[in-house]
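Visitor: In order, the protein sequence lines correspond to chains B and S. Start counting the first sequence at -5; every next residue gets the next number (our numbering). Start counting the second sequence at 143; every next residue gets the next number (our numbering).
Treat the hints as calculated values from the structure; they're not laboratory data. Keep in mind that the hints are not guaranteed to be accurate.
[Unchecked claim] On the chain S side, residues computed to face chain B include the following (Cβ under 8 angstroms):
| # | residue |
| --- | --- |
| 1 | A199 |
| 2 | K240 |
| 3 | G275 |
| 4 | P295 |
The beta-carbon is built from N, C-alpha and C at its ideal position, and this holds for glycine as well.
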Amino acid sequence: MEFVRSHILVCAGTGCSAAKSMEIIERFEEHLSRHALEKEAKVIRTGCFGLCELGPIVVVYPEGSFYSRVTPDDVKRIVEEHILKGRIVKDLLYHETVEEDVVSSINETGFYKKQLRIALRNCGIIDPENIDEYIAFDGYSALARALTEQTGDEIVDIITKSGLRGRGGAGFPTGRKWMFAKAAAGDEKYVACNADEGDPGAFMDRSILEGDPHSVIEAMIIAGYAVGAKNGIIYIRAEYPIAVARLEVAIGQAREYGFLGKNIFGTDFEFDLEIRLGAGAFVCGEETALIASVEGLRGEPRPRPPFPAVKGIFGKPTLLNNVETYANIPWILQNGWEAMAEIGTETSKGTKVFALGGKITNTGLVEIAMGTTLREIVEEIGGGCPGGKKFKAAQTGGPSGGCIPASHLDTPIDYESLSAIGSMMGSGGLIVMDEDNCMVDIAKYFLDFTVEESCGKCVPCRIGTRRMYQMLERITEGKATMEELDSLKELCEHIKANSLCALGGSAPNPVLSTITHFREEYEAHVRDRRCPAGVCKKLLTYKILDNCRGCTACARVCPVGAISGKVKELHVIDQDKCIKCDACFEKCKFGSIIKE
Amino acid sequence: MPNQKIKVPFTGTPEQERLLREAIERHRDEKGATMPILQKAQEIYGYLPEEVQLIIAEALDLSLSEIYGVVSFYSQFSLNPMGKHVVSVCMGTACYVKGAGEILEKCEQKLGIKAGEITPDGKFSIAAVRCIGACGLAPVLTIGPDVHGRLVPAQIDGILEKYMKE
Chain B
-5 MEFVRSHILV
5 CAGTGCSAAK
15 SMEIIERFEE
25 HLSRHALEKE
35 AKVIRTGCFG
45 LCELGPIVVV
55 YPEGSFYSRV
65 TPDDVKRIVE
75 EHILKGRIVK
85 DLLYHETVEE
95 DVVSSINETG
105 FYKKQLRIAL
115 RNCGIIDPEN
125 IDEYIAFDGY
135 SALARALTEQ
145 TGDEIVDIIT
155 KSGLRGRGGA
165 GFPTGRKWMF
175 AKAAAGDEKY
185 VACNADEGDP
195 GAFMDRSILE
205 GDPHSVIEAM
215 IIAGYAVGAK
225 NGIIYIRAEY
235 PIAVARLEVA
245 IGQAREYGFL
255 GKNIFGTDFE
265 FDLEIRLGAG
275 AFVCGEETAL
285 IASVEGLRGE
295 PRPRPPFPAV
305 KGIFGKPTLL
315 NNVETYANIP
325 WILQNGWEAM
335 AEIGTETSKG
345 TKVFALGGKI
355 TNTGLVEIAM
365 GTTLREIVEE
375 IGGGCPGGKK
385 FKAAQTGGPS
395 GGCIPASHLD
405 TPIDYESLSA
415 IGSMMGSGGL
425 IVMDEDNCMV
435 DIAKYFLDFT
445 VEESCGKCVP
455 CRIGTRRMYQ
465 MLERITEGKA
475 TMEELDSLKE
485 LCEHIKANSL
495 CALGGSAPNP
505 VLSTITHFRE
515 EYEAHVRDRR
525 CPAGVCKKLL
535 TYKILDNCRG
545 CTACARVCPV
555 GAISGKVKEL
565 HVIDQDKCIK
575 CDACFEKCKF
585 GSIIKE
Chain S
143 MPNQKIKVPF
153 TGTPEQERLL
163 REAIERHRDE
173 KGATMPILQK
183 AQEIYGYLPE
193 EVQLIIAEAL
203 DLSLSEIYGV
213 VSFYSQFSLN
223 PMGKHVVSVC
233 MGTACYVKGA
243 GEILEKCEQK
253 LGIKAGEITP
263 DGKFSIAAVR
273 CIGACGLAPV
283 LTIGPDVHGR
293 LVPAQIDGIL
303 EKYMKE
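Just chain B, with the same shape it has in the complex (with noise of 0.2 angstroms):
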């Protein structure tokens, strides 16, 4: 290996590329090679690092000096003074890295410090596209100690007692899947990787493929020798276009190394993996579902059992796994199941990723202990709601998850918590909610989501997620009487209970969640006709105020003439003719028009 002065990482996620990270990469080798330093400067473009807020995300080493939203303007600068003269440019730095004069370690700073990372260990220290960056961080060792030193039962065994349980959201225990999988009948199995991420608003399988793809594809030959397969398959999404490609080129290097294809490390295993890309379809998360788009039909899930280790892709027992929970595979057999035992609750151990998103200071990725309270998450780690407004709800599990509010923030992370409080752990999805967010508009919003996506096979969720749909808009617009909430209430549970899949099953949870917690929310809109986020339309009335200097803009921009009054003088709405548009309040430049 080449040995270089400093190594400049640069942040490829999608996150920062859709910031112009790929332009900052290209000034960066050109001011290098202005500068006759490429032999002494390395750029090395990473996975994320998980503050995507700040992205794109820069940071030279030795030092460890953490920028942040960086332009390619700032590159020249950063070349110049830091890596030519030795002098960080402070005043580019995370400005929490950055104490008065004193420049402390990033992972000192909110955001880190409280993180333990397993499965994103990789992610941002690594170049995904380099195979020999990863074996130089202990990657394919699990690999080789388990092909040579080990049998498929002792494998099955220390993943069992390690704990570890699927991250994709139900949190099956992984080592009981893969027992199945290995007990199942047949010479011809499959291991598969559900990368078909589809809750919307997260984002860590995608993370990890895309910075650290050799964790995931050196887990699946693991499992391969554990459960006796030889086939491997990644159902990806297509929409992820960058992870695709970091994949295809990881999977081509682990070929030429001879970690796939036949005899592995000297022994008669074999094992070999390809990709298939998923078309956008939510309910092909679903295993069954997932199975079948492989099979190149519609995504529709079948009944349960038989199930997928006994009979999955082309009728063959198969170990379908989410990525996280590949990703956790290879660090557990180089640090024992102890070491994963011990971090964690009673029943839920290790490490989980979460998509932080929404009303948060720190937009990111962040991976935490299991037993870490939301509180922890939102504020220390998140920094809390921007703009000094009051936090209202954490919504964890997307579409089949629930609205947390602020008397349950100090619950601890783990899957029996988080369904006792009516939501889930989920995918990892966390998005957060202030004062301005309707909890009613949020429901709907969810429901709109899985109308869409219902495969329509069974009633309960074709129809009954259409009809919870339809009651909900009644609500928002001030149409329902406090009986249909009642209805609306019975018929979730009656989704929950005869839904075919877990998509319908898990649906009304957005809506029974909030109903529990923000029922005073559902009543306002109820009963006095009222939005108290002032989001749901139907229920807004706009006003202009007293302080209204009649400069006539907001008449002149209203499309329907609803407003009137002399120049100079106060202007009034006919709330008979107003449409509610906004654009009135988009307009007036002094505040005068309120929404209530």
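Starting from the known structure of chain B, fit chain S onto it as the hints suggest.
Guide: Below, chain S alone, put in the same frame as chain B:
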């Protein structure tokens, strides 16, 4: 998303058909070949009209209804042509709670079409898409390869006007 069939004359070229038939031959013997072939076909034609589905159905010895069943199931497949500029407004949760609904509304107003539709001149279409994962830039929309993030509704007219002039 509305994916109703609208009748637009099919303008496939012999060159496109040659590429499609090549792709079919490449994948024909794979298990579960339908999806990769449809994905390739959409790449070649930009959408999957009945004429294209028929070629695939005949080549794979499947009925047209089986192919149509798969095409209409997945949101990635389009039965209608897309505009030269596809305005994709992210409707992921992170964007939604930060006002993506208003951003979409503004795009629809400006272009005079709804999500899932195409302007009569074929220049623009609007798609309300699932999370694109740029949650740090929420609310966000993409137009072709360009990403526009941290948006407020007032910016939309200006952004779209730039593409209108092209």
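Visitor: Hey, does the K240 (chain S) contact hint survive, CB to chain B under 8 angstroms?
Guide: holds (7 angstroms)
Visitor: Does the CB of A199 (chain S) sit less than 8 angstroms away from some CB of chain B?
Guide: violated (13 angstroms)
Visitor: With 8 angstroms as the cut and Cβ atoms as the points, is G275 (chain S) at the interface with chain B?
Guide: holds (4 angstroms)
Visitor: Should the interface hint for P295 (chain S) be scored as holding, given a Cβ-Cβ cut-off of 8 angstroms against chain B?
Guide: holds (7 angstroms)
Checked against the numbered hints above, the structure breaks only hint 1 and satisfies the rest.
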